[in-house]
Amino acid sequence: MKKFNFRKVLDGLTAASPVGSIGGGSGSGAGGGSVHPGGTAGAAGTPREEIQETLTSDYFQICKTVRHGFPYLPTALAFDPVQKILAIGTRTGAIRILGRPGVDCYCQHESGAAVLQLQFLINEGALVSACADDALHLWNLRQKRPAVLHSLKFNRERITYCHLPFQSKWLYVGTERGNTHIVNIESFILSGYVIMWNKAIELSTKTHPGPVVHLSDSPRDEGKLLIGYENGTIVFWDLRSKRADLRAYYDEAIHSVAWHHEGKQFMCSHSDGSLTLWNLKSPNRPFQTTIPHGKVQRDGKKPESCKPILKVEYKTCKNSEPFVIFSGGLSYDKPCRRPSLTIMHGKAITVLEMDHPIVDFLTLCETPYPNEFQEPYAVVVLLEKDLIVVDLTQSNFPIFENPYPIDIHESPVTCTEYFADCPPDLIPVLYSVGAKHKKQGYSSKEWPINGGAWNLGAQTYPEIIITGHADGSVKFWDASAITLQMLYKLKTSKVFEKQKVEEGKATAEIVEEDPFAVQMMYWCPESRIFCVAGVSAYVIVYRFSKHEVNTEIASLEVRLQCEVEDIITPEPETNPPFPDASSQLPSLKSLSGSTNTVACEGTMKDSIPCLSVKARPVRMPPGYQADLVIQLVWVDGEPPQQITSLAVNSAYGLVAFGNCNGLAVVDFMQKTVLLSMGTLDLYGSSDPYQRQPRSPRKSRQFAAGLTELSDSPVSLELERCKSPTSDHVNGHCTSPTSQSCSSGKRLSSADVSRANRRGPGRPPFRKAQSAACMEISLPVTTEENRENSFSRSRSSSVSSIDRDSKEAITALYFMESFARKNDSAVSSCLWVGTGLGMVIILSLNLPASDDLRQSEPVMVSPSGTILTLKGAVLTFACLDCMGTLTHRPYEVWRDPHSADDGDKTRKRKLVMHSPSSSQDMGDHQFAVICSEKQAKVFSLPSQTCLYVHNITETSFLLRADVVTLCNSVCLACFCANGHIMTLSLPSLRPLLDINYLPVTDMRIARTFCFTNEGQALYLSSPTEIQRLTYSQEMCDNLQDMLGDLFTPVETPEAQNRGFLKGLFGGSGQAFDREELFGEATAGKASRSLAQHIPGSGGIEGVRGAAGGVIGDLTRARIALDERGQKLGELDERTASMMASAEAFSKHAHEVMLKYKDKKWYQF
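Counting in the numbering used here, the sequence shown runs from 1 upward without gaps.
Calculated directly from the structure, the hints in this document are not laboratory data. It is possible that some hints are incorrect.
DSS-like, lysine-lysine: derived pairs with alpha carbons at most 25 angstroms apart [unchecked claim]:
| # | residue 1 | residue 2 |
| --- | --- | --- |
| 1 | K318 | K264 |
| 2 | K445 | K385 |
| 3 | K546 | K907 |
| 4 | K242 | K281 |
| 5 | K909 | K671 |
| 6 | K671 | K494 |
| 7 | K439 | K385 |
| 8 | K494 | K614 |
| 9 | K1158 | K1146 |
| 10 | K307 | K242 |
| 11 | K1084 | K242 |
| 12 | K614 | K489 |
| 13 | K318 | K281 |
| 14 | K84 | K153 |
| 15 | K318 | K491 |
| 16 | K264 | K281 |
| 17 | K318 | K199 |
| 18 | K347 | K301 |
| 19 | K445 | K491 |
What follows is a set of in silico ranges between Cβ atoms, one per label pair, in the way DEER data are often shown [stated by the list, open to error]:
| # | residue 1 | residue 2 | range |
| --- | --- | --- | --- |
| 20 | N396 | S607 | 53 to 61 angstroms |
| 21 | L1127 | D425 | 46 to 54 angstroms |
| 22 | E186 | V296 | 49 to 57 angstroms |
| 23 | E186 | P428 | 45 to 53 angstroms |
Idealized CB from N, CA, C, for every residue including glycine.
Work out the full structure, taking the sequences as your base and the hints as a guide.
Written out as structure tokens, the structure is:
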């Protein structure tokens, strides 16, 4: 039966009723919430009729734009030497294709299977991938978003190795059983020609040779295939006669094989760290065996074995000794040596040590032809967490400077912020101060992976991404036009003294590792004020200057601790004074004592900060310079709780921050603390809760109280609708990895005893890990698992239980607003949102003139205004009477250390309102408030709730931002169940609701952020940033902004081998693979062996209109284009053949003239 909602009947009467009685609608799931107009706007008239909202659902569409960073868990590497593009495959089934800066493409296998190997169809605009699920895929790279043309799934055999000869359409596929199959690349169908393992080896051999680990055709004769088996067997197979020409055996396992370009010799790398060189004329044994890193024995015995050489490449040069390059092979007696790449050039051996294990490497050569001098010029080395390119043309082998943003994860990312359409002068200014810290010693040559084409596109507004890291560093990135380039790096740890290792356990740190990890950032682009909150409970305010200074760092210490007697419980008999209070407040009467206070016999830590600020003058280079450090201190042996909300305002000169204990407001101009107050005290007499004092006797019994809690039945129903550990996800009173009991889970006595074993100085948090390392389980789909939807993999202290009982400060916002109902003009305010859905407005009384700002105190006082929502408050915004977003007041930037500024008395230039509403703000404004459960729009000063939208009942929001799009404004939300939603403002009409991004771990939850112009980002893996758009306009223009992977490049001509070399050096007859492997000769392969799967994306952009006339026309047009392209190629080949025939005719005529009058004995 459909539930009838009486509130809609009483719409016109709600203006006089309490705000809390509005909006109890029954939404289910994201976007299932209901919108309730909350009555008229009182004195403000009826703004609903005045404001014309321009945004409709047609303005919104979601699609991924680009992925930046290093491919996570790489497994495979390939390079196209003609197109000069690089492909990297990963363990998660992703492929990243890189070319010149700006050409960066991400594609994903639907199966998600790990990529085993990649092979380019050189200069054909196609790529073959072999995956761990034994499927081959052919990718079309001639479109901006590559798509799979064909797939071939092997059913009975496992793929181990693939080889595609240059300018061939037949792919050799080796399997785990030791068989070699052949696939037609054009049709992706198996040939009937198979090289069975038992035919390849000698009949007398009694053991299986193992999987195929290598396949390659001879550079001298394409009709001969070299097959390497794992157990050390090498077979040289004649494809025409279908028999083995020769076989070679070695008693160590083979890892890789490499040919000399003349095709007479090949080199093998083995599991004992040896390299063997074989000659086709004497295959009985290798004519040269070396263990490059093995110690030579004194008695002349074989050098001792080393670690396996996993890969070797043998590249020849016309004017110098050949290069032998290999990975691995180090001696076992040096276990601590780092992974290395060894380059042997003549007698010189160079070992390049790497920071991470080597996944694969490739030598870049001047020619794509395997039978010519290779002339290597660089080596691409793919490491587990880095990509480097070594210059082989210089004797010291320098590396190239990498133009890609692959060092995002240099230190794990802990938080992100995204700013679109920021002031245009910021990017060059940040780049100018960041460029001075560039490293030296790179190769002077250009980056060799420079294929593809990229243009700026239509999107020209500047964008900046800021990433905070676990080591305390902050990076500013230029993100304009879907590229990413680092501008400037700031090291926040430099304001603190270095921690001495031996004192580690005696310090007041609240985290054992990464004490400088950045937890929150706040940036005002207009004033260039930057603020950082660290995991060790500190806030640093930075000012930007173009001049170097040498000065002491000002610091303040703040006590912020709530009283242990205060614990929140609803009045048992009466109804709560605002909606759903009972669902927000679990009954925790049995909790006694603060769980962070540990009984100790030694001295109790009090009034000391976690870190020590440098007391001496510090040299600060141009860029961001620390202006003030604010640290929370220990109180009565209890460590400061981590900061959960942060805001700064340059016009007011104030910074505010809060945690689960309370709120602090600091004047960073006068360097004074204005307010340091527990959350409960902020209410004053307006406290909507009944607070129950604790028993002093119980508060001394720490262990007993926790045991009591473990036995008491905490109501699951009270917890069910609360976001699981909501004060963790939305940044409320937790370190990035602090964990709580999952909702409804009782505390075991073992946990209690573990908590009690913690010594007096032990920190209550194990480690401040990065967002990249946080694994959570988030299947927010059913009622049963919602209780455990945020269960962490690591179990921390029980301190989070106590924090659930406190009211954390979760959102802060400085703005010019009406603080009270009777106000006739706006004044400076600080809006404070709490974890229980309460909104408290604080009045700021600033000095009347700028002259008095440095001397007169700023007064902060509660206004008495309290508003309520369901769930923890996430964000605030203010709209003027016309519905336009009001910009926060700010001070126009000026250099604090400018040389031409002799007097310090110059006035600050303040901008109090946004330019669009500079005339008069009108007699009213709209306050937009969004919590993790609902959004409300209030009319001020009447404080009437005009609109309510219950966003979700069964889940909760992770992020909400008020953003501008198409000269209008909307509320963008990201829900824990994966939904991305947008709501119109001020009416809160749903415009977009798509189940788009499943939140699989804490990393996505902590790093997701929206920005203006319909853009958003999140950390898709520990090493990659994924950007997406929710704007229809940007989705439409995305094709123009992406780079081209394929550009028309002529394949270089093969070198002229000479008449006699061509006559005697190679095979006597031309090798026709089509004739040998085609169905007419070889027959059909067994149908059960492999299954052909047609690809879904051969034609770009036709999916939407696949069934209509437009789709047919598009397909026909593309087919015509392809046909024209093929005809053009045919013309070129015909012309080339004609020219070749003419040259041959001329050469033959010259030979005939030369020898026609000579007798037979004169030759």
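Results of checking the hints against the structure:
1. The straight-line distance between the Cα atoms of K318 and K264 is roughly 17 angstroms, inside the 25 angstroms bound, and the hint therefore holds.
2. This hinted pair checks out: K445 and K385 have alpha carbons roughly 24 angstroms apart, not beyond 25 angstroms.
3. With a CA separation close to 20 angstroms, the supplied pair K546 and K907 stays within the 25 angstroms bound.
4. Of the supplied pair hints, the one linking K242 and K281 holds, its CA atoms being roughly 20 angstroms apart against a limit of 25 angstroms.
5. With a C-alpha separation of about 20 angstroms, the suggested pair K909 and K671 falls inside the 25 angstroms cut-off, and the hint holds.
6. About 20 angstroms separates the Cα atoms of K671 and K494, which keeps this hinted pair within 25 angstroms; it holds.
7. Restraint check for K439 and K385: satisfied, since their Cα atoms lie roughly 19 angstroms apart, inside the 25 angstroms limit.
8. Distance check on the hinted pair: K494 and K614 sit about 8 angstroms apart at the alpha-carbon level, within 25 angstroms; holds.
9. Taking the CA atoms of K1158 and K1146, the gap is near 20 angstroms; set against the 25 angstroms cutoff, the hint holds.
10. Only pairs whose Cα atoms come within 25 angstroms are accepted, and K307 paired with K242 is rejected, the gap being roughly 37 angstroms.
11. The hinted pair formed by K1084 and K242 meets the criterion: a straight-line CA distance of about 17 angstroms does not exceed 25 angstroms.
12. Between K614 and K489 the alpha-carbon distance is near 20 angstroms, which keeps this suggested pair within the 25 angstroms criterion.
13. Between K318 and K281 the CA atoms are separated by roughly 24 angstroms; this keeps the pair inside 25 angstroms, and the hint holds.
14. Between K84 and K153 the alpha-carbon distance is near 29 angstroms, which puts this suggested pair outside the 25 angstroms criterion.
15. In summary, the hint linking K318 to K491 is not supported, as the alpha carbons are separated by about 49 angstroms, beyond the 25 angstroms threshold.
16. Of the pairs offered as hints, the one joining K264 and K281 holds, with about 8 angstroms between alpha carbons and a cut-off of 25 angstroms not exceeded.
17. Proximity of K318 to K199 is assessed by CA-CA distance (about 39 angstroms); at most 25 angstroms being required, the pair is judged violated.
18. Among the hinted pairs, K347 with K301 is consistent with the structure: their alpha-carbon atoms are about 22 angstroms apart, no more than 25 angstroms.
19. Between K445 and K491 the CA atoms are separated by roughly 30 angstroms; this puts the pair beyond 25 angstroms, and the hint is violated.
20. In this structure the hint that N396 and S607 lie 53 to 61 angstroms apart at CB holds, the actual value being about 56 angstroms.
21. One distance hint, 46 to 54 angstroms for the beta-carbon pair L1127 and D425, holds here, with the actual separation near 52 angstroms.
22. About 53 angstroms separates the C-beta atoms of E186 and V296, a value consistent with the hinted range of 49 to 57 angstroms.
23. Checked against the hint of 45 to 53 angstroms, the C-beta distance between E186 and P428 comes to roughly 50 angstroms, which is consistent with it.
Hints 10, 14, 15, 17, 19 from the list above are not met by this structure, while the remaining hints are.
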